[in-house]
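Here the protein sequences come in this chain order: X and H. Using our numbering, the final residue of the first sequence is 902, and nothing's skipped along the way. Using our numbering, the final residue of the second sequence is 148, and nothing's skipped along the way.
Below, computed lysine to aspartate or glutamate pairings styled on EDC-like, alpha-carbon distance capped at 16 Å:
no., chain 1, residue 1, chain 2, residue 2
1, X, LYS354, X, ASP141
2, X, LYS363, X, GLU439
3, X, LYS363, X, GLU473
4, H, LYS24, X, GLU642
5, X, LYS840, H, ASP47
6, X, LYS840, H, ASP89
7, H, LYS24, X, GLU638
8, H, LYS24, X, GLU646
9, H, LYS117, X, GLU655
10, X, LYS669, X, GLU642
Anything over 12 Å on all C-beta distances counts as not near chain X; from chain H, calculated:
no., residue
11, LEU70
12, ALA99
13, ALA143
Bear in mind the hints are in silico, worked out from the structure with no lab data behind them. Model, not experiment: these values are computed from the prediction. The C-beta atom is built at its ideal place from N, Cα and C for all residues, glycine as well.
Residues per chain are reported as follows:
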Amino acid sequence: MEPSLFRYIWMHSRRDQLIVLAIILASLPFYFASFDIPKRIINEAIQGRAFADGQQTAPLFAWTLSLPGWLGGGTLAAFEGFEAGRIAYLFGLSFLFLALVIINGAFKQLINTQKGVLGERMLRRFRFDLYGLMLRLKPEDVRAMKPAEAASIINNESEPIGGFIGDAFIQPMFLGMQALTALAFITLQNMWLGMVALAIVLIQAFIIPELRRELLRLSRLRQIESRRLSGRIGELVEIAPAIQNHAAGPYTKSDIGDRLGILLDVRVRLFKRKFAIKYLNNLLAQITPFFFYAIGGYLAIKGQLDIGQLVAAIAAYRDLPPPIKELIDWDQDRADVIVKYEQIVSQFPPESLKPPEDEHPTKPPPGDAPIVLEGVRLKDRLGQALIEPLSLTIHRPAQVALAGAGGLAQDMLARIIGRQITTYNGTVRIGGMDLASMENATARTVISYAGPEALLFHGSIRDNVAIGLVRTEPPETPPPVDPRERQRQREALKSGNPLAPYSIGWIDAGAPMETAAPVDDRVMAALFVTGMAEEVYRMGLQGRIDPEREPDAADRFLEARRRIRRRVAELKLERLIEPFDALAYNSNASIAENLLFGVRQGPKLADDALGSDAYLRSILEAEALVLPLADLGLHTAESAMEVFSELPVGNPLFERFSFVRADMMPEIKRSVEAVRVRGGVAQIGPADLSVLLNLALGYVETRLRLGLMEPLLQARIVRARNSFRSHLPQSYAAEVEFYDAERYCAAAPVVDNLLFGRIAYGIGTAQARVSELIAETLRDSGLTGLVNRLGLDFDVGVGGRQLLVSQRAAVALARAIVLRPDILIVDGALSVMTPGDARKIMQSLRRERRGRTLLAVMGDAAEADGYDQVLVFDGPRLIENRTPGSARGAAAPNEEPSHAAA
Amino acid sequence: MLNDDVALLRRLPMFGDVSNAKLKLLALACRRNHYVAGDVLIRQGADALSLFILVSGEVEVTRERAGDALVLARLGPGAIIGEIGVVLDTPYTSSVIAATDLVVLEIGKTDFLELVKELPQLSMGLIRELARRVLRTSDLYEAALKGH
Numbered sequence: 001m002e003p004s005l006f007r008y009i010w011m012h013s014r015r016d017q018l019i020v021l022a023i024i025l026a027s028l029p030f031y032f033a034s035f036d037i038p039k040r041i042i043n044e045a046i047q048g049r050a051f052a053d054g055q056q057t058a059p060l061f062a063w064t065l066s067l068p069g070w071l072g073g074g075t076l077a078a079f080e081g082f083e084a085g086r087i088a089y090l091f092g093l094s095f096l097f098l099a100l101v102i103i104n105g106a107f108k109q110l111i112n113t114q115k116g117v118l119g120e121r122m123l124r125r126f127r128f129d130l131y132g133l134m135l136r137l138k139p140e141d142v143r144a145m146k147p148a149e150a151a152s153i154i155n156n157e158s159e160p161i162g163g164f165i166g167d168a169f170i171q172p173m174f175l176g177m178q179a180l181t182a183l184a185f186i187t188l189q190n191m192w193l194g195m196v197a198l199a200i201v202l203i204q205a206f207i208i209p210e211l212r213r214e215l216l217r218l219s220r221l222r223q224i225e226s227r228r229l230s231g232r233i234g235e236l237v238e239i240a241p242a243i244q245n246h247a248a249g250p251y252t253k254s255d256i257g258d259r260l261g262i263l264l265d266v267r268v269r270l271f272k273r274k275f276a277i278k279y280l281n282n283l284l285a286q287i288t289p290f291f292f293y294a295i296g297g298y299l300a301i302k303g304q305l306d307i308g309q310l311v312a313a314i315a316a317y318r319d320l321p322p323p324i325k326e327l328i329d330w331d332q333d334r335a336d337v338i339v340k341y342e343q344i345v346s347q348f349p350p351e352s353l354k355p356p357e358d359e360h361p362t363k364p365p366p367g368d369a370p371i372v373l374e375g376v377r378l379k380d381r382l383g384q385a386l387i388e389p390l391s392l393t394i395h396r397p398a399q400v401a402l403a404g405a406g407g408l409a410q411d412m413l414a415r416i417i418g419r420q421i422t423t424y425n426g427t428v429r430i431g432g433m434d435l436a437s438m439e440n441a442t443a444r445t446v447i448s449y450a451g452p453e454a455l456l457f458h459g460s461i462r463d464n465v466a467i468g469l470v471r472t473e474p475p476e477t478p479p480p481v482d483p484r485e486r487q488r489q490r491e492a493l494k495s496g497n498p499l500a501p502y503s504i505g506w507i508d509a510g511a512p513m514e515t516a517a518p519v520d521d522r523v524m525a526a527l528f529v530t531g532m533a534e535e536v537y538r539m540g541l542q543g544r545i546d547p548e549r550e551p552d553a554a555d556r557f558l559e560a561r562r563r564i565r566r567r568v569a570e571l572k573l574e575r576l577i578e579p580f581d582a583l584a585y586n587s588n589a590s591i592a593e594n595l596l597f598g599v600r601q602g603p604k605l606a607d608d609a610l611g612s613d614a615y616l617r618s619i620l621e622a623e624a625l626v627l628p629l630a631d632l633g634l635h636t637a638e639s640a641m642e643v644f645s646e647l648p649v650g651n652p653l654f655e656r657f658s659f660v661r662a663d664m665m666p667e668i669k670r671s672v673e674a675v676r677v678r679g680g681v682a683q684i685g686p687a688d689l690s691v692l693l694n695l696a697l698g699y700v701e702t703r704l705r706l707g708l709m710e711p712l713l714q715a716r717i718v719r720a721r722n723s724f725r726s727h728l729p730q731s732y733a734a735e736v737e738f739y740d741a742e743r744y745c746a747a748a749p750v751v752d753n754l755l756f757g758r759i760a761y762g763i764g765t766a767q768a769r770v771s772e773l774i775a776e777t778l779r780d781s782g783l784t785g786l787v788n789r790l791g792l793d794f795d796v797g798v799g800g801r802q803l804l805v806s807q808r809a810a811v812a813l814a815r816a817i818v819l820r821p822d823i824l825i826v827d828g829a830l831s832v833m834t835p836g837d838a839r840k841i842m843q844s845l846r847r848e849r850r851g852r853t854l855l856a857v858m859g860d861a862a863e864a865d866g867y868d869q870v871l872v873f874d875g876p877r878l879i880e881n882r883t884p885g886s887a888r889g890a891a892a893p894n895e896e897p898s899h900a901a902a
Numbered sequence: 001m002l003n004d005d006v007a008l009l010r011r012l013p014m015f016g017d018v019s020n021a022k023l024k025l026l027a028l029a030c031r032r033n034h035y036v037a038g039d040v041l042i043r044q045g046a047d048a049l050s051l052f053i054l055v056s057g058e059v060e061v062t063r064e065r066a067g068d069a070l071v072l073a074r075l076g077p078g079a080i081i082g083e084i085g086v087v088l089d090t091p092y093t094s095s096v097i098a099a100t101d102l103v104v105l106e107i108g109k110t111d112f113l114e115l116v117k118e119l120p121q122l123s124m125g126l127i128r129e130l131a132r133r134v135l136r137t138s139d140l141y142e143a144a145l146k147g148h
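Let the sequences and hints guide you as you build the complete structure.
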């Protein structure tokens, strides 16, 4: 990154800055004229100097420039003008003044707009460059950076710099020219007045910045403290559940309180200084008119200055302080943002940055080129050896175990080869290419590292895996036809941003294979290896399609529904599925689902709004169901309180098993208490009643098994179902989609559509047999791919929080293998799995890796059976380098394997 | 019903020290399933995905070796089945077949392990149960040695 802010700005916005400068220069004559015209209105039209000696007319718009006595006192005539009477003359000049006001305003608007747009473009570029720099940080330095601090740097701290960039060159030019024009005009009227104005300007220009020095120091301090505060808050948010569990809230609050106190102290000092300077500034600005009135008045009385000149000079002076003040502000901003810029740039020191990626990455080394380590040594920050000098060769392709119970050498070596640690002594080469300096674009097809952290971003499972398939160069896009796209590309170009849109073409289904396969196939193949394919399929069954957009898919699912129905009849499996029957209560569905006989899809009938919805409430009242359901809700609430009240907030069991949301617990408790205090559900207020009704409407008998669904209540709900549907107001038409045996229900999951019902509860073999039937039908109907696609659409949530920890690990591992790299390093990537799952996935990975290289880190060398090469570490030292041909037992470190591993 | 399931769990030594609220949570995590005689609950060699608690009826535990099925035990109400595979994360070592119509509480491996991880009373109960089995096995071994 360019260390000088002004050079950075000039380098990227030279052309635009010069254009605006040209506009400023073009505006100056008009600006000057706007000072001169009032003088002429007073002197020539009002005082009638143009009509001296009884003249009835005078030349209007004759443009002459009067020179003061000390410049010879002559006049320069540029235009002879039109003859006009005195009133016409007055109005002519006044309208000219008005025109100049409009023109000057338009210039100002144009310049400010240009400046603003330029600033915004440069801010975009700056933020983009900062993000690019962050990506160039070495992996170990990226990890050391706190996410909240990085976000604060790129998003917040860059904001004032962006605001200044538009002003950087233009503002001093514009304001300087304006001030000089006003100063020159005053001086042309009278040299003494000009001198006074100049003196005040010089005092402002030198004293104020001096006073502002401390202001800058404080401003810098404020930036640093704010960033620390952001970082600390980010850190505390990440560990918030632990803070809650240990009731450490007051302790951490005191930490935050102290930091806020420091920040307040800095800000108070800053404001005191700022307003003291402002006071001085205003004083200097206000004192000048005193001189003008005193000296100018004296000169006017003495006849050395006419009234028009004095009025014009005072008017011009009125225009002088704002630019000067703004110039001083600009200077302060300049110093301020330079400090900020330097602070930001210092976060990306050159020694922490990898060289920029070459546009044309070098060819990767051959797939069988060995990995050669020479004198590799690594120490921790305290100087303790993590890896003692190590020289060895790993022949490829091979499956290599890096084992060691104590110490970190095996992990560190995996990270070095996985390019997660790039600062170490010695060299690691593959086919003669130095690993640490290998470009990312080259390395991605050679090496893939799967570490213990499953780093997922907010998006679908597909997005998270397929990022392993993105192109390293922008995809080729046809010239845009859409004017908005053309405009987007123009702006992107001006800000140095990529032209290729984010939304298309980045995934390269062919990379690095010769023939492209559909992305979903490749992603599913990778997920299959990591044991996640089955779960993705299940997620797909819970997914939804939009029949409007995919009418064909909806028809095919309907056909599959018919097939399943036929097969169920053939196999006599009817008892395994409880169908959606308009005349019967479905015990595997919630009361709300039974009441509506459909799926809610609008805000009026959303979970939290359901119990208080006016229409639904009117139906419940008409069917006399309010109190029975409130009573049922009370029982559910009491069960929830009994089961979950002992669990601390954030406990995973709550998330996993609870039938109420954690944030609802306080209001549930309040409602139960209200029933107790008032003596029954009939006496509670509407808010508490809504809470209990919400709970009741979500109740599924087979899930909670509280024995609350008496046959009579079921029958009454089925009867209310008819009322609900037949009286449904038009405004509720989009709120619910009713079940229909002959139609696809877009609001319902695929599995409900396939079965048009639910798997019956309580039959041990039902789940397995029905699942088998569904899978068979989907396979025969060619719909498995579509279901998988829906599963891949599953939104993993922020940081993958919608997935189980083991699922996150499986997705992250799939990302590492989807590109089929030559070398795969598995370093703790399976540590969150159960041992059995980890074992199976590792076996699957080893099958997938046949013919390519796998480096697996493990705690115990005994697990390394069948590996081509086993490197055993004791602490930082390699104590065994075993290959099939070598004798089992201790081997000297740095020893070459006896022969190439196959 | 949930309360019946809780009462059943309460009677089992493994869950003796677990509070009522936690037992309710465990029962909530279970499915109450019916099997008919002849249904296979567990197939030897399959991934251990669930643990079963027998509510009523009887099962036969068999192990296949060299094509022969050897009946190891016949278990009745209160028996816990499949916990070894679930805890050790290994495939089931025996097959379990419903000898009569039966009712079981069935809990998935992940759910069970999550509960054990989060509820110390439950993990203690599990440890006690496994220790009891070790002791019983060792008693049987000793008795067998004496018999020789």
